[in-house]
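J.: Sequence:
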Amino acid sequence: MTPQWRAMHESDLAAVLHAAGTAHPGLPESEAVFAERLSLFPRGCLVLANGAAVEGYAVSHPIRRFCPPALDTLLGDLPGDADDYYIHDLVVSPQRRGGGHAAAGVHRLLDVASAYETASLVSVYGTARFWARFGFAPAVRDMRDKLRPYGADAVYMLRRNRA
Numbered sequence: 001m002t003p004q005w006r007a008m009h010e011s012d013l014a015a016v017l018h019a020a021g022t023a024h025p026g027l028p029e030s031e032a033v034f035a036e037r038l039s040l041f042p043r044g045c046l047v048l049a050n051g052a053a054v055e056g057y058a059v060s061h062p063i064r065r066f067c068p069p070a071l072d073t074l075l076g077d078l079p080g081d082a083d084d085y086y087i088h089d090l091v092v093s094p095q096r097r098g099g100g101h102a103a104a105g106v107h108r109l110l111d112v113a114s115a116y117e118t119a120s121l122v123s124v125y126g127t128a129r130f131w132a133r134f135g136f137a138p139a140v141r142d143m144r145d146k147l148r149p150y151g152a153d154a155v156y157m158l159r160r161n162r163a
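Going by UniProt numbering, the first residue of the sequence shown is number 1, and it counts up by one from there.
Source of the hints: derived by calculation from the structure; they are not laboratory data. Note that the structure is predicted; figures quoted are calculated from it, not measured. All C-beta atoms in this analysis are idealised placements derived from N, C-alpha and C, irrespective of residue type, glycine included. Treat the hints with care, as some may be off.
What the hints assert, rightly or not - Here are the simulated distance ranges between beta carbons:
#1 Ser11 - Asn161: 30 to 36 Å
#2 Asn161 - Phe130: 16 to 22 Å
#3 Ser39 - His107: 23 to 29 Å
#4 His9 - Ala139: 29 to 35 Å
#5 Gly99 - Ala70: 29 to 35 Å
#6 Ala103 - Ala53: 16 to 22 Å
#7 Asp153 - Gly51: 32 to 38 Å
#8 Pro138 - Arg64: 17 to 23 Å
#9 Ala70 - Ser39: 14 to 20 Å
#10 His18 - Arg43: 21 to 27 Å
#11 Val140 - Met1: 40 to 46 Å
#12 Gly80 - Arg133: 31 to 37 Å
#13 Asn161 - Ala53: 28 to 34 Å
#14 Ala115 - Ser39: 16 to 22 Å
Just need the whole structure built from these sequences, with the hints factored in.
T.: See the structure below:
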C-alpha cells in the first residue's frame, strides 16, 4: 500500500507523538502541544497514513511573522492578525524517506499557506537545502535568541507566498 497524506485526527496523536520523539529526541514536545495545534488549526495538521499506520506527520498554523512559538508551548489561540504561515514540523519515517512523501506534504502545506503573505519554519538537522527547494531562504532578521533551544544548526527560514 502507498502512504497518502490525510487530515490528522485525535486518534492519531499517540502515533504522532511517537514519531516526533523518534525524529526529534532532543526537541521534545508534549501531546498537549500537538492536540492544541490540531484543535486550533486542523487544516494545518496532516498524517502520512499507510492504512492504519502513521508514517509521518505535519503540523502548521498561522502566526505573526518573525514570532514563532517556543518549543513545547501552548498557544492559547491563534493571532487574529496573522500574516505568516508557520510550518511547525514535518516528519516522514525513515523507511518512507526518498519516496517523495516529504515534498508531497510540503506542497499540501503550501496550498494552505498561500492565503498568507509569507510562510516560515525553523530548519533543524541541516535541512535548509531541502527547504530551499520550495523557495524558503534564511531570514535576514537576527533570530538567535528564539532559535537557541533548537540547537546550533537551527535556521529561521522565510518564503514569500505573494508579491
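J.: Does each hint fit the structure? Answer for all of them.
T.: Okay, the hints, checked on the actual structure:
1. Ser11 - Asn161: 30 to 36 Å: holds, 32 Å
2. Asn161 - Phe130: 16 to 22 Å: Holds, since Asn161 and Phe130 (Cβ atoms, about 18 Å apart) stay within the stated range.
3. Ser39 - His107: 23 to 29 Å: holds, 24 Å
4. His9 - Ala139: 29 to 35 Å: With Cβ atoms ~33 Å apart, the hint holds.
5. Gly99 - Ala70: 29 to 35 Å: With a Cβ separation near 33 Å, Gly99 and Ala70 satisfy 29 to 35 Å, so the hint holds.
6. Ala103 - Ala53: 16 to 22 Å: Since the Cβ atoms of Ala103 and Ala53 sit about 20 Å apart, the hinted range of 16 to 22 Å holds.
7. Asp153 - Gly51: 32 to 38 Å: With Cβ atoms ~35 Å apart, the hint holds.
8. Pro138 - Arg64: 17 to 23 Å: holds, 19 Å
9. Ala70 - Ser39: 14 to 20 Å: holds, 19 Å
10. His18 - Arg43: 21 to 27 Å: The hinted range 21 to 27 Å holds for His18 and Arg43, with Cβ atoms some 23 Å apart.
11. Val140 - Met1: 40 to 46 Å: holds, 44 Å
12. Gly80 - Arg133: 31 to 37 Å: holds, 32 Å
13. Asn161 - Ala53: 28 to 34 Å: Hint holds: Cβ distance 32 Å, inside 28 to 34 Å.
14. Ala115 - Ser39: 16 to 22 Å: Cβ of Ala115 to Cβ of Ser39: about 20 Å, so the range 16 to 22 Å holds.
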